[in-house]
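A.B. asks: Sequence:
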Amino acid sequence: MDGVTDSTVLALIGVLLGTAGTLIGQHLANRVEVQRDHRHRADVARSERKEAISGYLKAVQRVELILDRRKLGMPTLDDPEDVKLHDLWLATKAVELVCSTEAAQAAHDYTKELHALMRSERGRSPVKRERREAFVEVAREELESGRARIRR
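The numbering used here puts the first residue of the sequence shown at 58, with every later residue one more than the last.
Hints may be right or wrong, so weigh each one.
[Said to hold, decoys possible] With a Cα cut of at most 27 Å, we get these calculated DSS-like pairs of lysine-lysine:
no. : residue 1 : residue 2
1   : Lys-128   : Lys-107
2   : Lys-115   : Lys-150
3   : Lys-115   : Lys-169
4   : Lys-185   : Lys-115
5   : Lys-150   : Lys-185
6   : Lys-115   : Lys-128
7   : Lys-169   : Lys-185
8   : Lys-169   : Lys-107
9   : Lys-128   : Lys-185
10  : Lys-150   : Lys-107
11  : Lys-185   : Lys-107
12  : Lys-128   : Lys-169
These are computed hints drawn from the structure, not numbers from a lab.
Kindly generate the complete structure, drawing on both the sequences and the hints.
C.D. replies: In structure tokens, the structure reads:
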């Protein structure tokens, strides 16, 4: 080979190495970007689930306050009970939209029990506590707490 051919071959090898390096770099950058996007989407989804669960628990707490006051013979608050039930069912639907099937079912079961208690004269229900505990445990899993179950 003469000097021109050697330099041409070396230049082509350099171009090939440069191109390969660029392609590998772009591939790695794309992988990092995809991973970052997946983490961002997971964070957004977790935030939506947390917001829905928190809103649901607030609505539950307002209904349970009415039930507790009724059980103690205290006057109920000024807001009509129907409004509280409506808010509770609306919050249940939010859980159903953004959470897992298990969380949605647990919220629905708990809401049905609270609704039945609000519409009846009985103040207590052993099922209510079971439903509450079931929902709380599923919600903890939904938010990926990674913690052990709460002993009750």
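A.B. asks: Return the numbers of the hints above that this structure violates; sort them in rising order.
C.D. replies: 1
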